[in-house]
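Here's the letter readout for the chains.
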Amino acid sequence: MRGMAEVKAPPNYEIVIEPSRGWFRLRWDELWEYRDLLVILVQRDFISRYKQTLLGPLWHVLQPVVMTIVFAIVFGRIAGIPTDGIPTPLFYLCGLLAWNYFAQNITAGGATFISNAHIFGKVYFPRLIVPLSIVAANLVAFFLQTIPFALFFIYYKVTGDHAPEVQLTWRLLLLPLPLLHIAVLSLGISLLMSASTAKYRDLVHLNQFIIQLWMFATPIIYPISKIPEHWKWLIWANPMSVPVEAFRYILLGRGSLQVSEIVISVLVAIVSLFAGIAAFQKVEKTVVDSL
Amino acid sequence: MKPVVEVENLSKLYRLGGIGASSLRESLETLLGKKKTGPAPGASDARSGSDPNSFWALKDVSFSVNPGEVVGILGRNGAGKSTLLKILSRITEPTSGRAILRGRVVSLLEVGTGFHPELTGRENIFLNGAILGMKRAEIAAKFDEIVEFSEVGKFIDTPVKRYSSGMFVRLAFAVAAHLEPEILLIDEVLAVGDAGFQKKCLGKMDEVASQHGRTVFFVSHNIAAVSALCDNVILIEGGRCVMRDVPSKVISHYFSSILPEDQASDGQIFWSGDAKAPGNAEVSLRGLKLCGSAGVPQSTFEADEPFSVEIYFEIKQRLRGARFNLSFSTLEGEIAFVATDHIYQFENLEPGEYRSVCQVPGKLLNRRKYRVGLHFGIPGDRMLIDQADYLEVTIGGVGNQATIFPDQAWPGIVCPKIEWQVERFSGAFQPSKVG
Numbered sequence: 001m002r003g004m005a006e007v008k009a010p011p012n013y014e015i016v017i018e019p020s021r022g023w024f025r026l027r028w029d030e031l032w033e034y035r036d037l038l039v040i041l042v043q044r045d046f047i048s049r050y051k052q053t054l055l056g057p058l059w060h061v062l063q064p065v066v067m068t069i070v071f072a073i074v075f076g077r078i079a080g081i082p083t084d085g086i087p088t089p090l091f092y093l094c095g096l097l098a099w100n101y102f103a104q105n106i107t108a109g110g111a112t113f114i115s116n117a118h119i120f121g122k123v124y125f126p127r128l129i130v131p132l133s134i135v136a137a138n139l140v141a142f143f144l145q146t147i148p149f150a151l152f153f154i155y156y157k158v159t160g161d162h163a164p165e166v167q168l169t170w171r172l173l174l175l176p177l178p179l180l181h182i183a184v185l186s187l188g189i190s191l192l193m194s195a196s197t198a199k200y201r202d203l204v205h206l207n208q209f210i211i212q213l214w215m216f217a218t219p220i221i222y223p224i225s226k227i228p229e230h231w232k233w234l235i236w237a238n239p240m241s242v243p244v245e246a247f248r249y250i251l252l253g254r255g256s257l258q259v260s261e262i263v264i265s266v267l268v269a270i271v272s273l274f275a276g277i278a279a280f281q282k283v284e285k286t287v288v289d290s291l
Numbered sequence: 292m293k294p295v296v297e298v299e300n301l302s303k304l305y306r307l308g309g310i311g312a313s314s315l316r317e318s319l320e321t322l323l324g325k326k327k328t329g330p331a332p333g334a335s336d337a338r339s340g341s342d343p344n345s346f347w348a349l350k351d352v353s354f355s356v357n358p359g360e361v362v363g364i365l366g367r368n369g370a371g372k373s374t375l376l377k378i379l380s381r382i383t384e385p386t387s388g389r390a391i392l393r394g395r396v397v398s399l400l401e402v403g404t405g406f407h408p409e410l411t412g413r414e415n416i417f418l419n420g421a422i423l424g425m426k427r428a429e430i431a432a433k434f435d436e437i438v439e440f441s442e443v444g445k446f447i448d449t450p451v452k453r454y455s456s457g458m459f460v461r462l463a464f465a466v467a468a469h470l471e472p473e474i475l476l477i478d479e480v481l482a483v484g485d486a487g488f489q490k491k492c493l494g495k496m497d498e499v500a501s502q503h504g505r506t507v508f509f510v511s512h513n514i515a516a517v518s519a520l521c522d523n524v525i526l527i528e529g530g531r532c533v534m535r536d537v538p539s540k541v542i543s544h545y546f547s548s549i550l551p552e553d554q555a556s557d558g559q560i561f562w563s564g565d566a567k568a569p570g571n572a573e574v575s576l577r578g579l580k581l582c583g584s585a586g587v588p589q590s591t592f593e594a595d596e597p598f599s600v601e602i603y604f605e606i607k608q609r610l611r612g613a614r615f616n617l618s619f620s621t622l623e624g625e626i627a628f629v630a631t632d633h634i635y636q637f638e639n640l641e642p643g644e645y646r647s648v649c650q651v652p653g654k655l656l657n658r659r660k661y662r663v664g665l666h667f668g669i670p671g672d673r674m675l676i677d678q679a680d681y682l683e684v685t686i687g688g689v690g691n692q693a694t695i696f697p698d699q700a701w702p703g704i705v706c707p708k709i710e711w712q713v714e715r716f717s718g719a720f721q722p723s724k725v726g
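Protein sequences appear in the order of chains A and B. The numbering of the first sequence is my numbering, which starts it at 1 and goes up by one. The numbering of the second sequence is my numbering, which starts it at 292 and goes up by one.
Do not take every clue at face value.
What the hints assert, rightly or not - Anything over 10 angstroms on all C-beta distances counts as not near chain A; from chain B, calculated:
(1) S398
(2) Y603
(3) Y635
Unchecked claim - Listed next, with one range per pair, are the computed distances between beta-carbon atoms:
(4) F143(A) / R535(B): 53 to 63 angstroms
(5) E33(A) / P702(B): 43 to 53 angstroms
(6) S225(A) / R453(B): 48 to 58 angstroms
(7) I114(A) / S387(B): 22 to 32 angstroms
(8) Q63(A) / P358(B): 39 to 49 angstroms
(9) I270(A) / R427(B): 50 to 60 angstroms
(10) Q208(A) / S563(B): 32 to 42 angstroms
(11) P358(B) / I270(A): 20 to 30 angstroms
What the hints assert, rightly or not - The calculated lysine to aspartate or glutamate pairs, modelled on DMTMM-like cross-linking and capped at a C-alpha distance of 20 angstroms, are:
(12) K495(B) / D680(B)
(13) K285(A) / E384(B)
(14) K426(B) / E33(A)
(15) K293(B) / E360(B)
(16) K282(A) / E18(A)
(17) K452(B) / D45(A)
(18) K660(B) / E601(B)
(19) K293(B) / E14(A)
(20) K567(B) / E384(B)
(21) K426(B) / E30(A)
(22) K226(A) / E30(A)
(23) K540(B) / E601(B)
(24) K607(B) / D677(B)
(25) K490(B) / E409(B)
(26) K540(B) / E683(B)
(27) K426(B) / D29(A)
(28) K51(A) / D680(B)
(29) K580(B) / E605(B)
(30) K654(B) / D595(B)
(31) K426(B) / E14(A)
(32) K199(A) / E297(B)
(33) K282(A) / E384(B)
(34) K452(B) / E401(B)
(35) K426(B) / D84(A)
(36) K51(A) / D595(B)
(37) K426(B) / D45(A)
In case anyone wonders, no lab produced these hints; they're calculated from the structure. Every residue gets a Cβ at the ideal spot worked out from N, C-alpha and C, and that includes glycine.
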């Protein structure tokens with residue numbers, strides 16, 4: 001037989017279909033089995049977003065710059081909110097770098113069931129692959145957004161105005177850690193959101209609203225140092241505060257982080273991931289009946 | 292040998308009405324008792340569950356399938372075929388019971404699931420293959436075969452949004468046809484594409500089953516394909532598995548169960564009211580009658596005797612270019628012939644009552660049973676009365692060919708009277724000179 005790519009299933013390969021019990025049943029082996037699909041979905045996303053249009057990649061570079069200009073005028077000039085001695089554009093761009101990755105993940109991931117209703121109704125694959133691929137695909141956008149930050153960084157480095165802050169150090173090697181933190185947290189949140197929006201369609205609008213408000217609750221346009229002491233707990237109650245602050249600490253050398261805050265924030269991210277998986281799995285098994 | 296598919300008491304309960312409670316407000320109102328959720332209409336039959344808002348789409352279905360079997364699934368719309376296939380495909384969970392599948396499963400409930408218009412044919416082959424559960428290496432190994440089968444060749448690096456619908460379907464089916472799971476679930480996918488390509492697909496499916504020993508589930512309204520491909524057929528009615536047998540038996544049972552009972556007596560059927568009569572706001576079918584030379588309705592005719600099919604219908608709104616297609620088909624669903632009143636029909640049908648009579652010549656049909664069906668529509672515009680079979684007719688007598696085996700059917704869907712001439716021959720056995 002020509003061209004036969006016989007990949008035989010193991011001899012006692014068995015799929016048992018029955019009503020599932022328990023509230024948490026993550027099948028790692030199955031996710032691993034479908035790893036090629038994950039890679040291909042990331043590629044699909046990349047091609048459809050960046051290959052055909054010029055504006056696609058450009059948007060990711062321009063959006064944070066435009067936001068930064070708006071922030072600089074509204075919050076910097078008019079409201080007079082300080083930036084901890086860091087050059088204003090770098091301060092905002094750094095916060096946005098972390099925030100945009102988070103926001104893009106939960107915006108796309110939170111609509112997993114709704115935007116994939118058609119495919120889910122026609123073919124089976126582990127549904128978790130879709131939000132996972134979104135979190136992975138958005139890394140491309142993240143790296144595109146580092147371009148304006150890098151340009152401003154080089155500018156301040158060359159002009160030499162703020163030498164102590166604009167300094168690349170060994171800390172850069174730590175950047176993957178808060179990035180992973182955001183990935184885990186945003187995956188958990190998007191799983192919770194997609195489970196809730198699949199059941200209650202009108203929550204989509206609420207989620208949009210939550211994302212907008214959440215940004216203002218995160219130290220992106222203001223430094224934590226300016227928060228009154230008795231309100232600080234509110235900032236630390238926000239699980240996005242630690243990674244955003246960690247970004248600033250790593251890239252600009254400014255930031256106030258304590259071990260206890262980091263530990264709590266990481267735990268919150270992990271708990272949200274597990275809660276998200278449980279909710280997602282509860283919904284996925286019969287969601288097709290109601291989509 | 293262990294069965295490759297074992298299904299035990301598989302059941303699926305659907306909630307009616309507020310399926311999924313798509314609004315938070317509704318859900319809260321229900322919770323607070325402000326909104327009464329009354330029973331959904333028509334749910335009070337044997338399929339309704341204990342809760343009046345639920346019904347069993349599938350109830351206690353059990354069967355097993357051996358490796359290499361091709362199993363057809365027949366049933367009316369809403370009988371539960373698609374639910375069964377969705378559960379076996381793991382798209383949705385059963386409410387109770389279980390199924391064991393021994394081997395990799397691929398379900399084709401549609402061709403081209405997940406195709407992305409911006410991606411090229413090449414990229415979509417990998418995407419679609421991966422969605423259907425293939426590994427990248429498997430797809431790469433089959434790539435050339437897939438492209439060859441799809442006949443899209445030189446457009447393989449063009450985004451599929453520029454493909455014609457025919458090319459799109461061919462590419463999509465080509466991917467599906469080259470999957471090599473142990474169990475293949477197929478739902479109506481062959482209803483797409485042109486006739487030539489459909490034939491190629493059926494051939495490919497047959498090959499998959501017979502040469503590679505794969506197990507195939509096949510849901511289709513194409514009765515001819517079901518009887519040609521399947522080893523046995525499961526008949527589903529009202530969410531239950533009512534019959535499992537060789538195709539010919541199940542198909543004839545299936546047809547006898549869907550014949551309308553409304554005043555159908557031998558050789559005629561008439562509908563009393565608009566509510567029951569086939570049709571729509573523009574036309575309604577009032578009756579259908581088979582008459583021999585005696586002028587009375589009858590359902591048995593001699594093979595050499597002509598008879599007429601009389602169609603009674605009422606036009607409610609002016610129609611232009613509408614026509615009947617009258618079909619005679621075997622109990623297995625193969626069409627013997629289709630006759631249209633196109634060139635005899637009024638160009639413009641004004642509101643009123645009409646009769647269209649088709650003269651079926653004698654010395655044409657075989658000695659067997661036929662189903663008489665029809666549809667009414669304006670070609671290229673819209674269908675007014677969907678195709679359906681309404682009557683059965685038995686052709687008997689000595690037949691138009693042989694008298695020696697009166698109990699055995701003569702082969703062929705029809706059996707026209709053919710003139711022969713046999714004589715002693717005294718010339719030379721040699722080819723005639725041409726020109």
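Hint check results:
no.	hint	result
1	S398	violated (6 angstroms)
2	Y603	holds (43 angstroms)
3	Y635	holds (45 angstroms)
4	F143(A) / R535(B): 53 to 63 angstroms	holds (58 angstroms)
5	E33(A) / P702(B): 43 to 53 angstroms	holds (50 angstroms)
6	S225(A) / R453(B): 48 to 58 angstroms	holds (57 angstroms)
7	I114(A) / S387(B): 22 to 32 angstroms	holds (29 angstroms)
8	Q63(A) / P358(B): 39 to 49 angstroms	violated (56 angstroms)
9	I270(A) / R427(B): 50 to 60 angstroms	violated (31 angstroms)
10	Q208(A) / S563(B): 32 to 42 angstroms	violated (56 angstroms)
11	P358(B) / I270(A): 20 to 30 angstroms	violated (45 angstroms)
12	K495(B) / D680(B)	violated (30 angstroms)
13	K285(A) / E384(B)	holds (6 angstroms)
14	K426(B) / E33(A)	holds (8 angstroms)
15	K293(B) / E360(B)	holds (13 angstroms)
16	K282(A) / E18(A)	holds (14 angstroms)
17	K452(B) / D45(A)	holds (16 angstroms)
18	K660(B) / E601(B)	holds (19 angstroms)
19	K293(B) / E14(A)	holds (12 angstroms)
20	K567(B) / E384(B)	violated (37 angstroms)
21	K426(B) / E30(A)	holds (13 angstroms)
22	K226(A) / E30(A)	violated (48 angstroms)
23	K540(B) / E601(B)	violated (30 angstroms)
24	K607(B) / D677(B)	holds (17 angstroms)
25	K490(B) / E409(B)	violated (30 angstroms)
26	K540(B) / E683(B)	holds (16 angstroms)
27	K426(B) / D29(A)	holds (15 angstroms)
28	K51(A) / D680(B)	violated (53 angstroms)
29	K580(B) / E605(B)	holds (15 angstroms)
30	K654(B) / D595(B)	holds (4 angstroms)
31	K426(B) / E14(A)	holds (19 angstroms)
32	K199(A) / E297(B)	violated (32 angstroms)
33	K282(A) / E384(B)	holds (11 angstroms)
34	K452(B) / E401(B)	holds (18 angstroms)
35	K426(B) / D84(A)	violated (51 angstroms)
36	K51(A) / D595(B)	violated (70 angstroms)
37	K426(B) / D45(A)	holds (19 angstroms)
Violation of the numbered hints given earlier is confined to hints 1, 8, 9, 10, 11, 12, 20, 22, 23, 25, 28, 32, 35 and 36; the remaining hints are satisfied by the structure.
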